[in-house]
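Please dock the two separately framed chains into a single complex, following the hints provided.
If you read the sequences in order, they're chains A and Y.
Going by UniProt numbering, the first residue of the first sequence is number 1, and it counts up by one from there.
Going by UniProt numbering, the first residue of the second sequence is number 1, and it counts up by one from there.
Calculated directly from the structure, the hints in this document are not laboratory data.
Note that the coordinates shown come from a computational prediction; the quantities given were computed from them, not determined experimentally.
Even for Gly, the Cβ is constructed at its ideal location relative to N, Cα and C.
Heads up, some of the hints might be wrong.
Taking CB as the label site, the calculated pair distances span [said to hold, decoys possible]:
id, chain 1, residue 1, chain 2, residue 2, range
1, A, 73, Y, 2, 47 to 53 Å
2, Y, 6, A, 110, 50 to 56 Å
3, A, 65, Y, 39, 51 to 57 Å
4, Y, 27, A, 92, 52 to 58 Å
5, Y, 27, A, 29, 49 to 55 Å
6, A, 178, Y, 39, 30 to 36 Å
7, A, 106, Y, 24, 15 to 21 Å
8, Y, 6, A, 33, 14 to 20 Å
Stretch-level coverage of chain Y by chain A, calculated; a stretch enters the list once three of its residues show a Cβ under 8 Å from a Cβ in chain A [as the list claims (entries may be wrong)]:
id, stretch
9, 25-35
10, 38-48
If the Cβ cut is set under 10 Å, some of the chain A residues that face chain Y in the computed set are [said to hold, decoys possible]:
id, residue
11, 22
12, 54
13, 75
14, 134
15, 157
16, 161
17, 163
18, 168
19, 181
20, 232
21, 249
22, 252
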Amino acid sequence: MTSETTTEPAAPTRRERRKAGRSHARDVVYSVVGVIGEVLITLGVLLFAFLLWQLWWTDVVGNRVQAEIVAELPFEPVPTATPSAGAPAGPVIAPPRRDEPPPVMAEPAHGTTFATIQVPRWAGEPERPISQGTDRATVLDVLGAGHYEGTAMPGDVGNFAVAGHRTTYAKPFNRVEELQVGDPLVIRTTDNIWYVYRVTSTQVVPPSAIDVIAPVPGDPGAVPTERFITLTTCHPMFSARERFIVHGVLDYWAPTSDGIPAELVGGA
Amino acid sequence: MYGWLWHRLPGPAAVRALILTLAALAVLAACFLWLFPAIAPFMPFNETTVGE
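Pulled out of the complex, with its shape left as it was, chain Y reads as follows (with noise of 0.2 Å):
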């Protein structure tokens, strides 16, 4: 998945190694941004009301 990733971006190894960074930090602040705080009240803690 990875492997066929790295031979598919252009450029030298450190241009891909950059893109590939970069993807990972846009990937990581969609997750913080939108997934986790879609899928936060699912998880099983956090509760600190009494009732219900």
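For reference, chain A alone in the conformation it holds in the complex (with noise of 0.2 Å):
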């Protein structure tokens, strides 16, 4: 300690002003910093929030709405025995129906959802709507899995072509992968017909390869014969590198009112 300091009340030094002023530049600094760290924290839990929403809450929100348009859907009740015929109760099995072409339904306005896709070997998995459309404000992240417009309509002669998400927004093809050459893929339209599809071949081709859609798969000049499915998805997952794809074919196809199809009946 100085004399000066002890000779109060007089006024502060030139060397006490000085550090006065330093200690304040100090504390500005020192605030200033704290407000960036502050916002930066801040910053860092905003982020941790929005994987949390689009990871976690979009699938919570999309369940529930999905589950909602598919029984909303003006489906007509599928026919169920009756134990007292003889037989015990349970499904009727619908009769495979190849012998003639089956009914196509005209493509609907865009946002409309005209069908339903199952899958059996994604047990566990919900029945899931499909949509007319493929961009995500409308359809994709609000309505489930959509239709290519301009593509073939279930059963008819092209390519049925659908894409849904693989990761978030309910993830109705989260399990793409684990799809086999002949599993069944089960579409029912509001139309009340079942159309069955059998997988045929899965690949994984880059975002750009829009001939995966073609009426014909792979080869977009061709004039189709057959009819076609296609699923696309984002490949790896979380991921929009690459398109997971799954190609099919059309099996059979039969009304609801004969019951329902062998392959969505448990252990069949």
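Structure representation (structure tokens):
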């Protein structure tokens, strides 16, 4: 301590003023750094919240909304056998129809849900809606799987092409990699027809490979004679680098008033 | 920032903590309802279609 500090109430010396000014400047720097730090921590927490929203909450909302959409579709009830008929109660198996070309519905308006897909290989997955269009804002993020506009409708000659999320937004095509050749893909339209397709191949392609949804998959110029189905989704998961593609071909069709496809009966 | 907020809130510490918790939940809810859905289309994943 110098003698200067004891001579109160003397005015602060120049050195003290300078010292006070310096410590004031230090306070300002510290509080600015503190605010920046708090902002960064806050952004980190918000980023984590975004991940939580994207990876979990969109599934919660999507599953609920898509289940509601399916429940509200104007399906006619599928007949079930009565126990009094001699046979035990249970589903009636629809006889496969291959005798004549299946009925084909016209393409509906954008955003209209016109069909569902059920995949027995994905045991535990619910019946998922298919709606017209493949843009994310109006179809894929809110309605589930989407039908590529301009491609064939279910059962038609050509390629019935459908896109769906593999992760997030209820991830309807999450388990696409489990599919094996011969697995049934069961489509049910609001015209009350079952279309049972069988997987013929799977492949991974770059996002630009538009020919996978051509009327003859992989051959854009060809005139189709067969009834194909194609599913597209992202690959690898959580990436937009490539697309996972599933091709299939129609096995048979049946009106829903005839019963339920044997493929959908548990244990069949 | 949060220190400044803390000193300007009324009441005892428990009340202040409660207010801050409610405010944080409100911010989170707003993010889930409006902010995140608005920025999600700009994220570089989730593309499932071919073409374009």
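Tested hints:
1. A:73 <-> Y:2: 47 to 53 Å: About 50 Å separates the Cβ atoms of residue 73 of chain A and residue 2 of chain Y, which means 47 to 53 Å holds.
2. Y:6 <-> A:110: 50 to 56 Å: At roughly 52 Å between Cβ atoms, residue 110 of chain A and residue 6 of chain Y fall inside 50 to 56 Å, so the hint holds.
3. A:65 <-> Y:39: 51 to 57 Å: Check failed, 20 Å falls outside 51 to 57 Å.
4. Y:27 <-> A:92: 52 to 58 Å: holds (55 Å)
5. Y:27 <-> A:29: 49 to 55 Å: violated (28 Å)
6. A:178 <-> Y:39: 30 to 36 Å: holds (32 Å)
7. A:106 <-> Y:24: 15 to 21 Å: Violated, since residue 106 of chain A and residue 24 of chain Y (Cβ atoms, about 51 Å apart) do not stay within the stated range.
8. Y:6 <-> A:33: 14 to 20 Å: At 18 Å between Cβs, range holds.
9. 25-35: holds (count 3)
10. 38-48: holds (count 9)
11. 22: Since the shortest Cβ distance to chain Y is 23 Å, the answer is violated.
12. 54: Hint on residue 54 of chain A: holds, closest Cβ of chain Y at ~7 Å, below 10 Å.
13. 75: Not OK, violated: residue 75 of chain A not within 10 Å of chain Y, min 26 Å.
14. 134: The hint holds - residue 134 of chain A has a Cβ within 10 Å of chain Y, the shortest such distance being about 5 Å.
15. 157: violated (21 Å)
16. 161: The hint holds - residue 161 of chain A has a Cβ within 10 Å of chain Y, the shortest such distance being about 9 Å.
17. 163: Residue 163 of chain A check passes; min Cβ-Cβ to chain Y is 5 Å, inside 10 Å.
18. 168: It holds, given that the least Cβ distance between residue 168 of chain A and chain Y is near 6 Å, below 10 Å.
19. 181: With Cβ-Cβ at 21 Å, over 10 Å, it is violated.
20. 232: With a minimum Cβ separation of about 5 Å from chain Y (threshold 10 Å), the hint on residue 232 of chain A holds.
21. 249: violated (19 Å)
22. 252: Hint on residue 252 of chain A: violated, closest Cβ of chain Y at ~28 Å, above 10 Å.
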